[in-house]
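2 protein chains.
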Amino acid sequence: MPCKLPSSCNTVKPDLPTYLKSRCNIVDAALREFLPTAKTRPATIHDAMRYSVFAGGKRLRPILCMEAAEACGGKYEAALRPSAAVECIHTYSLIHDDLPCMDDDDLRRGQPTSHVKYGEGIAVLAGDALLTIAFEILADVKMSSRGRYNVADLVKELAVTAGSRHLVGGQVLDLEGEGEDVTLTPTELKYIHLSKTAALLTTSLRLGAMCANATPRKLEALTDFGTNLGLAFQIIDDILDVTQSSENLGKSAGKDAATDKSTYPALFGLEKSRAEAAKLTEKAHLALNPLGRKAKRLREIADYLLDRDY
Amino acid sequence: MPCKLPSSCNTVKPDLPTYLKSRCNIVDAALREFLPTAKTRPATIHDAMRYSVFAGGKRLRPILCMEAAEACGGKYEAALRPSAAVECIHTYSLIHDDLPCMDDDDLRRGQPTSHVKYGEGIAVLAGDALLTIAFEILADVKMSSRGRYNVADLVKELAVTAGSRHLVGGQVLDLEGEGEDVTLTPTELKYIHLSKTAALLTTSLRLGAMCANATPRKLEALTDFGTNLGLAFQIIDDILDVTQSSENLGKSAGKDAATDKSTYPALFGLEKSRAEAAKLTEKAHLALNPLGRKAKRLREIADYLLDRDY
Numbered sequence: 059m060p061c062k063l064p065s066s067c068n069t070v071k072p073d074l075p076t077y078l079k080s081r082c083n084i085v086d087a088a089l090r091e092f093l094p095t096a097k098t099r100p101a102t103i104h105d106a107m108r109y110s111v112f113a114g115g116k117r118l119r120p121i122l123c124m125e126a127a128e129a130c131g132g133k134y135e136a137a138l139r140p141s142a143a144v145e146c147i148h149t150y151s152l153i154h155d156d157l158p159c160m161d162d163d164d165l166r167r168g169q170p171t172s173h174v175k176y177g178e179g180i181a182v183l184a185g186d187a188l189l190t191i192a193f194e195i196l197a198d199v200k201m202s203s204r205g206r207y208n209v210a211d212l213v214k215e216l217a218v219t220a221g222s223r224h225l226v227g228g229q230v231l232d233l234e235g236e237g238e239d240v241t242l243t244p245t246e247l248k249y250i251h252l253s254k255t256a257a258l259l260t261t262s263l264r265l266g267a268m269c270a271n272a273t274p275r276k277l278e279a280l281t282d283f284g285t286n287l288g289l290a291f292q293i294i295d296d297i298l299d300v301t302q303s304s305e306n307l308g309k310s311a312g313k314d315a316a317t318d319k320s321t322y323p324a325l326f327g328l329e330k331s332r333a334e335a336a337k338l339t340e341k342a343h344l345a346l347n348p349l350g351r352k353a354k355r356l357r358e359i360a361d362y363l364l365d366r367d368y
Numbered sequence: 059m060p061c062k063l064p065s066s067c068n069t070v071k072p073d074l075p076t077y078l079k080s081r082c083n084i085v086d087a088a089l090r091e092f093l094p095t096a097k098t099r100p101a102t103i104h105d106a107m108r109y110s111v112f113a114g115g116k117r118l119r120p121i122l123c124m125e126a127a128e129a130c131g132g133k134y135e136a137a138l139r140p141s142a143a144v145e146c147i148h149t150y151s152l153i154h155d156d157l158p159c160m161d162d163d164d165l166r167r168g169q170p171t172s173h174v175k176y177g178e179g180i181a182v183l184a185g186d187a188l189l190t191i192a193f194e195i196l197a198d199v200k201m202s203s204r205g206r207y208n209v210a211d212l213v214k215e216l217a218v219t220a221g222s223r224h225l226v227g228g229q230v231l232d233l234e235g236e237g238e239d240v241t242l243t244p245t246e247l248k249y250i251h252l253s254k255t256a257a258l259l260t261t262s263l264r265l266g267a268m269c270a271n272a273t274p275r276k277l278e279a280l281t282d283f284g285t286n287l288g289l290a291f292q293i294i295d296d297i298l299d300v301t302q303s304s305e306n307l308g309k310s311a312g313k314d315a316a317t318d319k320s321t322y323p324a325l326f327g328l329e330k331s332r333a334e335a336a337k338l339t340e341k342a343h344l345a346l347n348p349l350g351r352k353a354k355r356l357r358e359i360a361d362y363l364l365d366r367d368y
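So the protein sequences, as listed, match chains A and B. Per the numbering used here: the first sequence = residues 59 to 368. Per the numbering used here: the second sequence = residues 59 to 368.
Same shape as in the complex, but just chain A:
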C-alpha cells in the first residue's frame, strides 16, 4: 500500500506534499532492501514483518531522520539506515500495542492488525523481529572514523529510547492508566507522551543529525525541537481520535473515550488542547533557530503536523 499523504495542504508551502511523497518513496525503497523478502525462510514471519511495515504509514520518523541530517549540513543518504531502523521500531511498537493483551485493536492504517491477520503468536514474533532488525540495520551504518559519533553511539541512542525507560515504559504507564477508576494528572500524562511519542521522534532527529556529524549545539536544538513536536503530535492525535472517523484515521476512532483513557481532550477539552498543541509547535519552531535556513523543511513539517486531519 502506498504512503498515505495529503493531496493538498493549505497552511504549508505548496511543494511540501510532493517533497514528503518523494521522501516516503525513498524510505520505502530502503525498507524493501533492508528487510528479508517475504519468501525468505521462515516465510510466515517475513511476510508478517513486511505486511505491517508496508501498511501505508506516514513515514514521519524516517523523514525527520533524513531531514535532520540535511538540516545539519549532511546528505539524507547518510541517514537511510537509521531512518529504516526507526520505522522498524515504530512498526514493532504498533504491532505489540495493538495486541489483545494491550490496546486490543483490530484496525491499523485501514488494515486488519497483525494479530487479526496472522494470529497472536506470529504478531508477537513479528514485533520481536522488527525490533531486532532495527539494530541489525543500524550496525551496518558507515560512520566516518574522524567524526564525533560512531555506530555504538547510534545503537545506544536507539536502545535507550526504545527501552523500558521510554518507549516500552510509556506503554506500561499507558496500560496502567486505562480504566474508569484511573485519572492521570497532567504531569503524568505529559510523562507518558514524552516516553511513548516524543522520545522516538526526538531520537529519529538525533540519529539523522549524528550521521551528519552534528555539533553538540545542533543536536541539542533538534532534541528540543523533537520534544515539543512530539508532545504537539500526541495531543493532535488524541484530538483526532475524538473528532475524526475510523475511516479517515485508518484506525479505531473514539477508542480513548470508550476506554476512559486519560488524554489532553479528556482532561482539558478540545479548545484548550488545540491551543496547547499550537503553543508547543511554536516552541518547536523557536528551538530550530540555531539551525538557521537549513531547517526550513523541519519548520514546514511541524506546521503540517499541527494542521493534519488524520
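Where hints are given, some of them may not hold.
One copy or two, either will do: identical chains are not told apart, so a pair holds if it fits within one copy or between any two.
[As the list claims (entries may be wrong)] Here are the computed lysine-lysine pairs in the BS3-like style, where the Cα-Cα straight-line distance is at most 27 Å:
#1 LYS313 <-> LYS248
#2 LYS79 <-> LYS319
#3 LYS214 <-> LYS200
#4 LYS133 <-> LYS214
#5 LYS175 <-> LYS133
#6 LYS214 <-> LYS97
#7 LYS79 <-> LYS330
Hints were generated in silico from the structure; no laboratory data involved.
Position chain B relative to chain A; hints supplied.
What follows is chain B alone, placed relative to chain A:
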C-alpha cells in the same frame, strides 16, 4: 533466587561445579549492575524484567561467552557486557515463548511465568525491554581500536542471531510444527534446533571470542563447537522432558508429548537420541582442537551438559 547448580557431577573434573557457581555469581553481579533497579520508574516493568532474569537460570550462555574469551587468550572481564546481553536475550525469548499465544507455560525455573505473575501485557513488554536492553548493554562494550572487531560487529552478530532468520524464526517453525497432524522431518527438526538453540549458544561463544580479539581460525572453531554443543543440548533437553519430573526440571515436563510436538525422542526414541547427543558432543570436542589446552573448561562444560539431569 540463586543459580541452580549441581552439588556433584561424576563425569567431569571435581572443581567444575565450584567454577560454574563462581561464574554464575559474576554474571549475576553484572546483570544487577546493568539492569535498572526494580524501583526505577516505571517500577512494574523493571520489577518484571528482574523477576525473570533472576529466576535462577543456569547462566549457560554467559558462562560460555566468558569462557570463550579466556579460551582465546583474553580475560573474562572483557566479555562481561556481552555475557549479560546474551542472558537478557535468552530471558526475553523464554518470556515470550511461555505466553498463552505461544507455548502457554505457567511454570519456568520452578516459578510462575511472567504472564502468570504480571499479566500478559506486562510480560510482552518485559520481553521487549530485555531484548532492547541487550543492545544497550552491548553498545557500551569497550573494544580496542587496534583489534579485529568493533562494537558494530558485536551488535550485528547478536541482532542476526536474535532475529527472524534464527531465534525468532526458530520459534515460528516451532509454533507451526505443533499439533497432531504435523510431523516434522529430521532435517526440519535439526533446522529448528539450529535456529532456536544452537544459534544463541554459538553467538555467546563468538561474542566472547571477539572481545578477546580472536583469530578467524579460533572464531571458526568456536562456531563449530557451538553448533554441535547446541544441537546436543537441545536433544538432551527433549530427552529430559520425557524422563524427568516437572519438579526436577523447574518447568512443565511431558509437555512435548502432550502437545504432539516433534522432538528427537519422539522421532527416534530415547536410546538413539542419547547416542546422537553423545556423538554431537564428541564432534564439539574435536572442533576445539585449534584452541588447545586453553579450551579445557569448554570441554568440561560440554561433558557436563551431556550428563545433566535437569
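Hint check results:
1. Taking CA atoms no more than 27 Å apart as the test, LYS313 paired with LYS248 passes inside one copy only; the shortest distance there is 19 Å, against 46 Å between copies.
2. Taking identical chains as interchangeable, the C-alpha atoms of LYS79 and LYS319 are never at most 27 Å apart, the minima being 33 Å within one chain and 48 Å between chains.
3. In the homo-oligomer, the alpha carbons of LYS214 and LYS200 lie at most 27 Å apart both inside one protomer (16 Å) and across protomers (13 Å), since each shortest distance falls under that limit.
4. When the C-alpha separation of LYS133 and LYS214 is checked against a cutoff of 27 Å, the pair qualifies both within a copy, at 22 Å, and between copies, at 24 Å.
5. When the C-alpha separation of LYS175 and LYS133 is checked against a cutoff of 27 Å, the pair qualifies neither within a copy, at 38 Å, nor between copies, at 49 Å.
6. Taking CA atoms no more than 27 Å apart as the test, LYS214 paired with LYS97 passes between copies only; the shortest distance there is 22 Å, against 32 Å inside one copy.
7. Taking CA atoms no more than 27 Å apart as the test, LYS79 paired with LYS330 passes in neither setting, with 32 Å inside one copy and 60 Å between copies.
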